[in-house]
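Residues per chain are reported as follows:
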Amino acid sequence: MIYDVRHTTRYDYSETVPICYNRAHLSPRNDRNQKCIERHIDVTPASAIFSDPRADAFGNEVTYFTVQEPHSSMEVTLRAQVEVSPVEYLDLNLSPDWQLAVDAARAVENVDAFQFIFDSKFVAAAPILKAYALPSFPAGRPFLAAVSDLTARIHRDFTYDPAATTVSTPLDEVMQSRRGVCQDFAHLQIGCLRSIGVPARYVSGYICGGDQTGAPSLTGAQASHAWLSVFCPSFGWIDFDPTNNMIPSDLHITVAWGRDYDDVSPVRGVVLGGGEHTISVDVQITRL
Amino acid sequence: MATQKADIAGESLARGYRAKPGAFDEMSDADGALRPHWQAYAEHIDRIGAVEFQRRHQQAMDLIEEDGVSYNVYGDARVSHRPWTIDLVPEVISEREWKEIDRGIAQRAALLNAVLRDLYGPQTLVRDGIVPAEFVYANPAFLLPCLGLRVPRDRWLHFYAADIARGADGAWMVVADRTQAPSGAGYALENRLVTTRIFPTITQECGVQRLAAFFERLRTTLRELALSNRDNPTIVLMSPGPTHETYFEHSYLARYLNFTLVENDDLTVRDNCVYLKTLEGLSRVDVIFRRVDDQLCDPLDFGTESASGLVGLVQAAYAGNVAIGNALGCGVLEAPALRALLPDLCRHLLKQELSMPSVTTWWCANPEHMKAALERFDSLLVAPAFSGRGWNPTVVQSLNPRERDNLIDAIRARPFDYVAQERIVPSTVPMWTPQGLAPRHAMLRTYAVAGEQDAYAVMPGGLTRFSDSPDSLVISMQRGGGSKDTWALTSGPVDTHTLLPNAGKRIDIKRTMSNLPSRAADNLFWLGRYLERIESTSRIIRCVLSRLTDEASSSSGRELPAIVRSLALVLPCAPGKNGYEDEADLRGVERRVIAALFDRSWNNSVSTTFAVLNNVAWVVRDRLSLDTWRILGRLMEDLPDGGARPPRAGEALALLNQIITDLAAFSGFATENMTRGHGWRFLDIGRRVERTLNTFELLRSCLVIPIEPESAVLQAALEISDSAMTFRSRYGGNLQTPAVLDLLITDESNPRAVAFQSARLVRHIEALPREKSYPFASREQQLVTRLSADLQLADIFELAAVASQSRRAALEVRLFEWAQTLRDVSDALAWHYFSHTQFSRADTTIRRGARA
Numbered sequence: 000m001i002y003d004v005r006h007t008t009r010y011d012y013s014e015t016v017p018i019c020y021n022r023a024h025l026s027p028r029n030d031r032n033q034k035c036i037e038r039h040i041d042v043t044p045a046s047a048i049f050s051d052p053r054a055d056a057f058g059n060e061v062t063y064f065t066v067q068e069p070h071s072s073m074e075v076t077l078r079a080q081v082e083v084s085p086v087e088y089l090d091l092n093l094s095p096d097w098q099l100a101v102d103a104a105r106a107v108e109n110v111d112a113f114q115f116i117f118d119s120k121f122v123a124a125a126p127i128l129k130a131y132a133l134p135s136f137p138a139g140r141p142f143l144a145a146v147s148d149l150t151a152r153i154h155r156d157f158t159y160d161p162a163a164t165t166v167s168t169p170l171d172e173v174m175q176s177r178r179g180v181c182q183d184f185a186h187l188q189i190g191c192l193r194s195i196g197v198p199a200r201y202v203s204g205y206i207c208g209g210d211q212t213g214a215p216s217l218t219g220a221q222a223s224h225a226w227l228s229v230f231c232p233s234f235g236w237i238d239f240d241p242t243n244n245m246i247p248s249d250l251h252i253t254v255a256w257g258r259d260y261d262d263v264s265p266v267r268g269v270v271l272g273g274g275e276h277t278i279s280v281d282v283q284i285t286r287l
Numbered sequence: 000m001a002t003q004k005a006d007i008a009g010e011s012l013a014r015g016y017r018a019k020p021g022a023f024d025e026m027s028d029a030d031g032a033l034r035p036h037w038q039a040y041a042e043h044i045d046r047i048g049a050v051e052f053q054r055r056h057q058q059a060m061d062l063i064e065e066d067g068v069s070y071n072v073y074g075d076a077r078v079s080h081r082p083w084t085i086d087l088v089p090e091v092i093s094e095r096e097w098k099e100i101d102r103g104i105a106q107r108a109a110l111l112n113a114v115l116r117d118l119y120g121p122q123t124l125v126r127d128g129i130v131p132a133e134f135v136y137a138n139p140a141f142l143l144p145c146l147g148l149r150v151p152r153d154r155w156l157h158f159y160a161a162d163i164a165r166g167a168d169g170a171w172m173v174v175a176d177r178t179q180a181p182s183g184a185g186y187a188l189e190n191r192l193v194t195t196r197i198f199p200t201i202t203q204e205c206g207v208q209r210l211a212a213f214f215e216r217l218r219t220t221l222r223e224l225a226l227s228n229r230d231n232p233t234i235v236l237m238s239p240g241p242t243h244e245t246y247f248e249h250s251y252l253a254r255y256l257n258f259t260l261v262e263n264d265d266l267t268v269r270d271n272c273v274y275l276k277t278l279e280g281l282s283r284v285d286v287i288f289r290r291v292d293d294q295l296c297d298p299l300d301f302g303t304e305s306a307s308g309l310v311g312l313v314q315a316a317y318a319g320n321v322a323i324g325n326a327l328g329c330g331v332l333e334a335p336a337l338r339a340l341l342p343d344l345c346r347h348l349l350k351q352e353l354s355m356p357s358v359t360t361w362w363c364a365n366p367e368h369m370k371a372a373l374e375r376f377d378s379l380l381v382a383p384a385f386s387g388r389g390w391n392p393t394v395v396q397s398l399n400p401r402e403r404d405n406l407i408d409a410i411r412a413r414p415f416d417y418v419a420q421e422r423i424v425p426s427t428v429p430m431w432t433p434q435g436l437a438p439r440h441a442m443l444r445t446y447a448v449a450g451e452q453d454a455y456a457v458m459p460g461g462l463t464r465f466s467d468s469p470d471s472l473v474i475s476m477q478r479g480g481g482s483k484d485t486w487a488l489t490s491g492p493v494d495t496h497t498l499l500p501n502a503g504k505r506i507d508i509k510r511t512m513s514n515l516p517s518r519a520a521d522n523l524f525w526l527g528r529y530l531e532r533i534e535s536t537s538r539i540i541r542c543v544l545s546r547l548t549d550e551a552s553s554s555s556g557r558e559l560p561a562i563v564r565s566l567a568l569v570l571p572c573a574p575g576k577n578g579y580e581d582e583a584d585l586r587g588v589e590r591r592v593i594a595a596l597f598d599r600s601w602n603n604s605v606s607t608t609f610a611v612l613n614n615v616a617w618v619v620r621d622r623l624s625l626d627t628w629r630i631l632g633r634l635m636e637d638l639p640d641g642g643a644r645p646p647r648a649g650e651a652l653a654l655l656n657q658i659i660t661d662l663a664a665f666s667g668f669a670t671e672n673m674t675r676g677h678g679w680r681f682l683d684i685g686r687r688v689e690r691t692l693n694t695f696e697l698l699r700s701c702l703v704i705p706i707e708p709e710s711a712v713l714q715a716a717l718e719i720s721d722s723a724m725t726f727r728s729r730y731g732g733n734l735q736t737p738a739v740l741d742l743l744i745t746d747e748s749n750p751r752a753v754a755f756q757s758a759r760l761v762r763h764i765e766a767l768p769r770e771k772s773y774p775f776a777s778r779e780q781q782l783v784t785r786l787s788a789d790l791q792l793a794d795i796f797e798l799a800a801v802a803s804q805s806r807r808a809a810l811e812v813r814l815f816e817w818a819q820t821l822r823d824v825s826d827a828l829a830w831h832y833f834s835h836t837q838f839s840r841a842d843t844t845i846r847r848g849a850r851a
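Here the protein sequences come in this chain order: P and H. Heads up: the first sequence runs through residues 0 to 287, numbered per numbering that gives the first Met the number 0. Heads up: the second sequence runs through residues 0 to 851, numbered per numbering that gives the first Met the number 0.
Hints were generated in silico from the structure; no laboratory data involved. Just so we're clear, the structure is a prediction, and the values are computed from it rather than from any experiment. The C-beta atom is built at its ideal place from N, Cα and C for all residues, glycine as well. A portion of the hints provided could be inaccurate.
Covered stretches of chain P (chain H as the covering partner; in silico rule of three or more C-beta atoms under 8 Å from a C-beta of chain H) [stated by the list, open to error]:
(1) 35–46
(2) 178–185
(3) 252–264
(4) 267–279
Input sequences plus hints: build the corresponding full structure.
Next comes the structure, spelled out in structure tokens:
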């Protein structure tokens, strides 16, 4: 499956901005079932100065740019073509006992996975998260089956509601209100998993709405999407999407992963002046 | 008396010392005998004697006070600059022992550098299980954005400090590692300078190693870091600013090492390069010697809430356009957990045993360590594994059973968050007291700088800090206590290296100062304005108070009320409903005028202005001569604190005279001692602008609406403007408004006249740097030239004429216009020279992305 991705983020400022510095996590990753055929990032004002793209600590391609002339709006557009193939069918019940998975994550050879067990800026382990997670993790249950069950419960118990949260709503508020968006649900499930000792990472990307195929409409297609990935010994990293209660396959396009949203926020910036700003986002995913 | 004095002088100072039982004493051994390496020192001070020692002690305190050596104490709403406390008795370390310390610290610095290189590079230490992954990933000081960063010469740690202490058995051990921006080396240097000024020959006689070569090495190391302009790199010392506890040291070191002292706002990143904002424009920075903590360095990559820091610094470092010492991310090794790993790391990386041990530390991330720690739990201290500073360890023994259980539960829940360490009783050092020498517990901060290849050079000396009472084991400058010079003895020749210019080498003659940072110019400008504002307000208050207290004058008549009423615009002493008819009203005036001196709640009171001036002066203190600084210090002492009892008129008058004299001394130093560079120019521009605005305000208040008897008001205006003598010599007692206006506005020969100020401003502004390619006059030039011409052309008689409604309308209009023009000049200067962008005062904010 080849997708054409167009993702525009626009900032409008109430006052002129003389200079701003930006960090973008927009280029889709190359991964087991995904190949980024081409990608291009455009910025207006066109005088924006780019640094050479490089890999960040998680291997994501990160792009830095500055706008050094006075401006009152800025637009960042990613255009990309990405080839995604379906993931192989997984028999979740063949995965190891979840407690063995917890132990294995601590083995020295899995240190790259182990780093995702610790608290990060937006996701910290907490007793309330552990309590929510535990019913999915009875003794002896295969690890991936347990995670899948947790994914389904979050999907069932929480309501998708863009008005309920902001970009920095803390997890305990989401737990209280039982509302949020894909970012919140991904953080929530990561928090649950870390609380029982399982490494989990945040995945930022896109989801194809499915409207062209007549497939059921999927939530999160209008903006950038987020889900999570867990580390399972002998299976590697397996993605779960709590917003749509599914295991991502060829409808999901992976851009970047990190400990949480803060590591891979699509466009982050530091702005001198500018007063108030508004942000608008447009995501178009077309199947070629 | 005489015999008592002889007694004190007769007894040996060192032999009279009684060490504290139960601790290792640096000077006397277990039997109370002097240790051999203290012999030379003891003889020297015995020759001096107790009485003389006490005198010199006082002399040292005065020196420190005068030099303005200080240490900022947190916790006050206002930062208080507390004088540095030094004890004149040094910590003396024998040659043999110093060699061990030297070896231990140099090895440790090299080891830590090797660890940093790996943790921010291939991380084989983590993959091989030598460093537990928790050390990196649970450690908030590990900066993920720096993973993979390449630093010049692959050297991360350029300047390192270790706190070492001697336990009861006499062995030295490291109790803390300082790896991001170690403080105190400047204080160590200042302590040495004070010692040698007070005892000029003592360090030579005792064979004490000198410190200068160490600082020279530091300078060379930083210079060699440069990736650009390698021949003559621009090096800045980046400070968090005057509110930081060790800001004095930042300015001291910057001056000593000849680096430009900067704060975040002095720098900007453009095109992935770091620039210094100077009067001449943006100037490239090649090396940053930072005193700013890791996480405050770049909000784009490190910050979430606070936007402080130099935005884009990380990216500039990645691009290889700036070198930073220490490299970003070094703070990761300040974690106390490191101490538990070092013996293995040393064997693994250096194939050596750790030469100087750390205080025994167990990191509970390792189950065996946790078990060992819990076995001897009650004798230990417990501390967070990752937070090196600002956290007091818990003394387990001091906990009640419930607290103890809670602590154990917390450790079991998150073992990697805790270390346990042995409690030590640091050794004691003798400290001078008027009663003789007394013991205090002490700790030594040692320093190392990167040298050739992977080696490190250790400062032969350091900063010894001691507790504030004999029983206290807490050694912290934040909580009392003091410091002392540290002597590393040598039997060989003393290195005579000096950072003072080499006499043999032909020197390049320079007439200009290095680029003046815009912020320094901005602050000098405001220093000038505040000084003048204080003088002006003081003169007005003095004028009113002297009349209130002068029994002999005719002030009980109509004069005083006229003066008070005419000053209503410039003082908070507007008349009541009925004017100032009776004695009670005048008492009220006295109270309010004195409030104008002391009341911190009034924005323009002398006391308030002093407080702001204090802050501005601290920022530019590295640009003021020592003498000038002393005068400022005296001015600040003149005023009692806001909370004190308000003085009576007589006391206030004496104080005002003192303030006005000290201000004159300051002007004298500025006139006679400052080179005519841009710094001086901005200081003077500030004074001239403020003086002109104040004169306009004074004339508006006194003369726009004539108040009878006008001669009394004119006399007051002349006095406030310090022009009464000139007037009398020209006109005698004939007080006429046009003559006064001429003297205060248009007479270019009167240094108090407005025309004099504007003529000076024209000259100053012409001399400022500007774009050479721009052939026209700058906006500030146009404005100030127009103002000056307007003043020359002013018709004094027209201005003095009283028009309809008993108002000098022409004067009112012109004063308003002139003041407006001058404010425009001031804004244009700020725009052109201080901000480099119209928006410099705008807040920096972090803009989060869209929600996913």
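Hints and how they fare:
1. 35–46: violated (count 0)
2. 178–185: Since three or more residues must qualify, the claim that chain H covers the segment 178–185 of chain P holds, with 4 doing so at under 8 Å.
3. 252–264: Answer holds; 4 residues pass the 8 Å Cβ test.
4. 267–279: Answer holds; 9 residues pass the 8 Å Cβ test.
Violated hint: 1 only; the structure is consistent with all others.
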